[in-house]
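Protein chains in written order, with this note's numbering: chain B, 22 to 183; chain F, 22 to 183.
Hints are computed from structural coordinates only; laboratory data are not their basis. All values derive from a computational prediction rather than experimental measurement. Among the hints, a few may not be true.
The list makes no distinction among identical chains, and a pair is therefore deemed to hold if it is satisfied within one copy or across any two copies.
Think about it this way: if two alpha-carbon atoms lie no more than 25 Å apart in a straight line, the pair counts; the simulated SDA-like pairs of lysine to any residue are [said to hold, decoys possible]:
1) 41 <-> 71
2) 175 <-> 36
3) 175 <-> 46
4) 50 <-> 181
5) 50 <-> 159
6) 178 <-> 71
7) 157 <-> 123
8) 178 <-> 69
9) 128 <-> 142
10) 127 <-> 98
11) 178 <-> 37
12) 150 <-> 36
13) 41 <-> 146
14) 157 <-> 138
15) 178 <-> 66
16) 34 <-> 73
17) 175 <-> 111
18) 158 <-> 100
Number of protein chains: 2
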Amino acid sequence: MTVAEEFEAANVKYAANFDKGHLPLPPGKQVAVVICMDARVDPAGILGLTEGEAHVIRNAGGRATDALRSVIISQRLLGTRELVIVHHTDCGMLTFNDGQLRDIVKKETGHNVDHFAFLPFSDLEQSVKDDVEYFKKNELVLDVPISGYIYDVKTGKLNKVV
Amino acid sequence: MTVAEEFEAANVKYAANFDKGHLPLPPGKQVAVVICMDARVDPAGILGLTEGEAHVIRNAGGRATDALRSVIISQRLLGTRELVIVHHTDCGMLTFNDGQLRDIVKKETGHNVDHFAFLPFSDLEQSVKDDVEYFKKNELVLDVPISGYIYDVKTGKLNKVV
Numbered sequence: 022m023t024v025a026e027e028f029e030a031a032n033v034k035y036a037a038n039f040d041k042g043h044l045p046l047p048p049g050k051q052v053a054v055v056i057c058m059d060a061r062v063d064p065a066g067i068l069g070l071t072e073g074e075a076h077v078i079r080n081a082g083g084r085a086t087d088a089l090r091s092v093i094i095s096q097r098l099l100g101t102r103e104l105v106i107v108h109h110t111d112c113g114m115l116t117f118n119d120g121q122l123r124d125i126v127k128k129e130t131g132h133n134v135d136h137f138a139f140l141p142f143s144d145l146e147q148s149v150k151d152d153v154e155y156f157k158k159n160e161l162v163l164d165v166p167i168s169g170y171i172y173d174v175k176t177g178k179l180n181k182v183v
Numbered sequence: 022m023t024v025a026e027e028f029e030a031a032n033v034k035y036a037a038n039f040d041k042g043h044l045p046l047p048p049g050k051q052v053a054v055v056i057c058m059d060a061r062v063d064p065a066g067i068l069g070l071t072e073g074e075a076h077v078i079r080n081a082g083g084r085a086t087d088a089l090r091s092v093i094i095s096q097r098l099l100g101t102r103e104l105v106i107v108h109h110t111d112c113g114m115l116t117f118n119d120g121q122l123r124d125i126v127k128k129e130t131g132h133n134v135d136h137f138a139f140l141p142f143s144d145l146e147q148s149v150k151d152d153v154e155y156f157k158k159n160e161l162v163l164d165v166p167i168s169g170y171i172y173d174v175k176t177g178k179l180n181k182v183v
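With these hints in hand, go ahead and build the complete structure from the sequences.
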């Protein structure tokens, strides 16, 4: 059984009790969250979100550069006016550097990926500051409130950085 | 009050009842999900996920090209061996084309973004097929099971495409 088949079975139960079919497309709280893809991170739980409230953009690390396309669409077409960035403790992005992952990919696939930026970081707090700054300075991003946090996967706590 | 401050207040309650501090970094179900950032889409609910089970990559549309960096990290460093793509009905990506959004951004910022691919689509089913194919053909992506679905925001149902 694939995981996809497990998802299909779980969805039957979700749909049976579904009562959110009336929600509008633009996020009710006019906010976009950029947060890591990590399996232990449940953005809805951590931030108290319910359906219809926020755009949730997730990628490896919760990196800003990788979220730019989505943020432009969120702001220019769907009216969000605040950004929240969340990185987290024990992140996979702290465990490697570009050179190491490029070597792994080249060894396993035969392809040279020296042009590829995997966006790891060695300083968690600095990575949050860097990503807030990236959005603040990017002229394609609106001048809106931008906050940056570190989520602690051991305690469930959100700690403000910027 | 910013939305970020609301998130901080909500997180105090979440952390007070938090009991997931023991989970390991690699996703327990060895799966990565690529799904839209849409506010009405709750991946954990829709797919029956709990903390620690899956990487959840989210961007505008749930597009594969924009998820490639995260998928490589997920597979090569964190052991995921299945991919699930979920697009959804009433998606914002169905409401514009690249030329229109480039015009909006240029008008509002003064910057020419003709080089920028916003990855909209006009055919929802085809967009899922295209993204499954993108991963299947991409030589940096492992040869793993890849499924594609359309989530119906009116009914809560997940409908299989590929």
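For which of the previously enumerated hints does the structure constitute a violation, in increasing order of number? none
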